[in-house]
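Heads up: the protein sequence lines correspond to chains A and B, in order. What the first sequence shows, in numbering that gives the first Met the number 0, is residues 0 to 409, in sequence order. What the second sequence shows, in numbering that gives the first Met the number 0, is residues 0 to 363, in sequence order.
These aren't lab readings, by the way, just hints derived from the structure by calculation. Hints may be right or wrong, so weigh each one.
As the list claims (entries may be wrong) - Derived SDA-like pairs (lysine to any residue); straight-line CA-CA distance at most 20 Å:
{"hint": "1", "chain 1": "A", "residue 1": "K231", "chain 2": "A", "residue 2": "G188"}
{"hint": "2", "chain 1": "A", "residue 1": "K211", "chain 2": "A", "residue 2": "A110"}
{"hint": "3", "chain 1": "A", "residue 1": "K211", "chain 2": "A", "residue 2": "D347"}
{"hint": "4", "chain 1": "B", "residue 1": "K336", "chain 2": "B", "residue 2": "G317"}
{"hint": "5", "chain 1": "B", "residue 1": "K336", "chain 2": "A", "residue 2": "T17"}
{"hint": "6", "chain 1": "A", "residue 1": "K231", "chain 2": "B", "residue 2": "K336"}
{"hint": "7", "chain 1": "B", "residue 1": "K336", "chain 2": "A", "residue 2": "P20"}
{"hint": "8", "chain 1": "A", "residue 1": "K231", "chain 2": "B", "residue 2": "G253"}
{"hint": "9", "chain 1": "A", "residue 1": "K381", "chain 2": "A", "residue 2": "E407"}
{"hint": "10", "chain 1": "B", "residue 1": "K336", "chain 2": "B", "residue 2": "G359"}
{"hint": "11", "chain 1": "B", "residue 1": "K336", "chain 2": "B", "residue 2": "P304"}
{"hint": "12", "chain 1": "A", "residue 1": "K211", "chain 2": "A", "residue 2": "V227"}
{"hint": "13", "chain 1": "B", "residue 1": "K336", "chain 2": "B", "residue 2": "E347"}
{"hint": "14", "chain 1": "A", "residue 1": "K231", "chain 2": "B", "residue 2": "D303"}
{"hint": "15", "chain 1": "B", "residue 1": "K336", "chain 2": "B", "residue 2": "A298"}
{"hint": "16", "chain 1": "B", "residue 1": "K336", "chain 2": "B", "residue 2": "E284"}
{"hint": "17", "chain 1": "A", "residue 1": "K231", "chain 2": "B", "residue 2": "V64"}
{"hint": "18", "chain 1": "A", "residue 1": "K231", "chain 2": "B", "residue 2": "G359"}
{"hint": "19", "chain 1": "A", "residue 1": "K231", "chain 2": "B", "residue 2": "P130"}
{"hint": "20", "chain 1": "A", "residue 1": "K381", "chain 2": "A", "residue 2": "G345"}
{"hint": "21", "chain 1": "A", "residue 1": "K231", "chain 2": "B", "residue 2": "P306"}
{"hint": "22", "chain 1": "A", "residue 1": "K381", "chain 2": "A", "residue 2": "A408"}
{"hint": "23", "chain 1": "A", "residue 1": "K381", "chain 2": "A", "residue 2": "R402"}
{"hint": "24", "chain 1": "A", "residue 1": "K211", "chain 2": "B", "residue 2": "A298"}
{"hint": "25", "chain 1": "A", "residue 1": "K211", "chain 2": "A", "residue 2": "R402"}
{"hint": "26", "chain 1": "B", "residue 1": "K336", "chain 2": "B", "residue 2": "P306"}
{"hint": "27", "chain 1": "A", "residue 1": "K231", "chain 2": "B", "residue 2": "G317"}
Given the structure is predicted, the values throughout are model-derived calculations rather than measurements.
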Amino acid sequence: MSDSGLEGLAAARLWAATKFPYLATGVFGAQVIAERGSGAVSVDESWRMHADPELTAAWTPAQLGSVLVHHVCHLLRTHGERARATGVGPDEARTWVRAADAEINDDLVPAGLDLPGRPVLPRDLRAADGLLAEQYFEASRASARKGKGGWGAENTDRSGEAEGDEAAGGWVDCGSGADGMPRPGQGPGGLPGWQADLLRHQVALDVAAQGKLPGTVPAGLLRWAQQVLSPKVNWRILLKAELRRAVAEVAGAVDYSYRRPSRRSAVAGQVVLPALRRPVPEVAVVCDTSGSMTADLLALVLAEVEGLLRTLGLARQVRILACDTAVGPAQRVSSARQVQLIGGGGTDMRAGIAAAAALRPRPAVTVVLTDGYTPWPAEQPKGMRVVVGLIGPRAREAPPWARAVRVEAD
Amino acid sequence: MSPNNPAVEALGVAVAARVPVLLWGAPGTGKTSAIRAMAQIMGLPCETVIASIREPSDFAGLPIVVGDEVRFAPPAWARRLAEAGHGLLFLDELSTAPPAVQAALLRVVLERAVGDLMLPDAVAVVAAANPPELAADGWDLSAPLANRLCHLAWETDPRSVADGLAGGWAAPVVPLLPDGWQAEEILSRGLVAAFLRVRPALACAPPSDAASAGRGWPSPRTWEMAARLMAAAGASGTSEEARSALVRGAVGDGAGLEFLAWLIEMDLPDPEQVLADPASFRLPERGDRAYAALAAIAAAVAADPTPERWTAGWQVLGLAADAAPDVAAVAARVLAKCRPEGAALPAEIHRFAPLLRAAGLLQA
């Protein structure tokens, strides 16, 4: 291993690998470089840690080990990449790093992480445990806006100065691995991106394997591993893809017709060639309006459906039905905002789908937006494709003949 | 666009190996120009066909009546490629092609058959597409078409855009594969086969949702493609990063990652061999691999702790203790817990005591 002489590093890593055996691969996978005079322990996105030996000399092996684990978690949770995706600017990097710290610390500190100084915890950001860095970031941004402003406005220098009562140890700058801002002097080398992916995958496997024994792995870390091993795709992408496919399959059921001569007739001499004819499908949307639905989420989904249909050039074909135990009249709307959700109480989607099938012209694609607490028709309605958006975290299963997408608030 | 962009390097290997390849990227990021420049440098004729404005009959052949039979006549671009005997067929805007056209493309992409005409084997098929989220009128690629292509993500790095604007765009270099590179394919097929024996579920795993159907997914055909690409990458001395992009592009990210991780694991020393001959042990360079190797050896001893194996395990740890004392100490803790009856305390055990004490894991 090409580590430089950082005193106590071996003991610190040993402590970390023993205390958090499921993170050992990550702890040993990171390269530690002594950087005299930097005054911080920071990490870059190529899995290199830059540590100031003068700073770390005062720490116990447990403390240095905890900082290593903490930084490895920044890398495992791809905080740099996520900071860029969230659009964190240089003036907000500080706020982001605190949010990222909270995401790591909220379940590792209870599990025995022994960071020097006082670690950032969700309650410092006036937020609940178990959230994502993006959510902590949003929360602390909001409180900074109405509050005193304070640390949100500071710049990201690498001096790691104390911050009074907000201080979270003397190593506050976690480096580009935590906030995605390139630092001078962190040149090429280290782990290339694809190897970092592999390492992350391996740690996720270790965590998931250890997590099979109850009570050994913090729940937040286990959730992270499950997300890495079977990533959950954003429902917007899934819903749009399902809808596009349903429309494509109906519209793509192209038929040959002699009503219009083929473009190719000129070359075919005496033979009359058919032209391709593409039907424009009618689309119906059936909304569950029972009391158990989440109105905000429903509006969000409707807006997505509407946006997609507009790009497909089908916006005018859409009719929207509101359904609980009975079905309201079909509304032809030009915007999701015009949808009126009437009704409440229980739902019977059999009535809703039957009403959609009874519309003339008959819809070829029906989008059902529901929380799933409803009886369903026993089989797929004839000649109609059904895409179900299951709304809310507790939504039940859709029938097997329909294509279903789970929609959860994000 | 810069030569160190792994997608560019991977594209060159896929073209050299004649594996159909598809570049995914936002509109206007230079996919088309890179492919054209590549063809020009190689001196290959390049036929650009924009799939979205074509009809199915342009790929399946135009029916014409000749005497008593109907022939499917190929369009001029296919004839030109067939006459040249080699070249690049560039299918642009693949994701905006309607499903019927995508269906007609199936045979073109894999078998290079256009109507009744077979394109020569030396014709390489390259396609480009915009992700459906980015193209206003995009369709997801159908799963059968997606399964015939190696998918590469075309990412633009702002720095290479700046360089390209100032000094002209660098074209991908197609590596020259040495004669007989196919011999390596047997080896890489063997690796893939060995992996699929361990993970049979990944031999064929069609995607379940519509969004991932349009990307690479594992099937016997794509595994074969991956083996071919790996052989070509090995023969041309391609960077590991590009090789990883090719494998993941062929069989999809999930299966590709598992396969690459398995390959790395294959590189680790076999615990049983090491225990039989501890002196032969070489500690892997990287910390995480050293940890994987020593943990595997310690686990092998713990599974069957005879005095000889236990002593051999300590000898291995003694060899590793200088270069990676902390990694070896983690394994030492495992060994210490499974001391068999009658085994003498090895000398190596004392080397770890100071470190264990420093980490607070050993009472003084």
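Structure-based check of each hint:
1. A:K231 to A:G188: With Cα atoms ~31 Å apart, A:K231 and A:G188 exceed 20 Å; violated.
2. A:K211 to A:A110: Satisfied, since the Cα-Cα distance of roughly 17 Å is no more than 20 Å.
3. A:K211 to A:D347: This hinted pair is violated, its Cα atoms lying about 40 Å apart.
4. B:K336 to B:G317: 17 Å, holds
5. B:K336 to A:T17: 14 Å, holds
6. A:K231 to B:K336: 40 Å, violated
7. B:K336 to A:P20: 16 Å, holds
8. A:K231 to B:G253: 13 Å, holds
9. A:K381 to A:E407: Distance ~30 Å between A:K381 and A:E407 Cα, so the pair is violated.
10. B:K336 to B:G359: Roughly 17 Å between the alpha carbons, so the hint for B:K336 and B:G359 holds.
11. B:K336 to B:P304: 10 Å, holds
12. A:K211 to A:V227: 16 Å, holds
13. B:K336 to B:E347: 15 Å, holds
14. A:K231 to B:D303: 40 Å, violated
15. B:K336 to B:A298: 11 Å, holds
16. B:K336 to B:E284: 27 Å, violated
17. A:K231 to B:V64: Violated - the C-alpha atoms of B:V64 and A:K231 are around 53 Å apart, more than 20 Å.
18. A:K231 to B:G359: 40 Å, violated
19. A:K231 to B:P130: Between A:K231 and B:P130 the Cα gap is close to 18 Å, so the pair holds against 20 Å.
20. A:K381 to A:G345: 26 Å, violated
21. A:K231 to B:P306: Violated, at roughly 48 Å.
22. A:K381 to A:A408: The given pair, whose Cα atoms are some 33 Å apart, is violated under the 20 Å limit.
23. A:K381 to A:R402: Cα-Cα ~15 Å, so holds.
24. A:K211 to B:A298: This hinted pair holds, its Cα atoms lying about 19 Å apart.
25. A:K211 to A:R402: Not OK: A:K211 and A:R402 at ~31 Å, beyond 20 Å, violated.
26. B:K336 to B:P306: 13 Å, holds
27. A:K231 to B:G317: 44 Å, violated
Hints 1, 3, 6, 9, 14, 16, 17, 18, 20, 21, 22, 25 and 27 from the list above are not met by this structure, while the remaining hints are.
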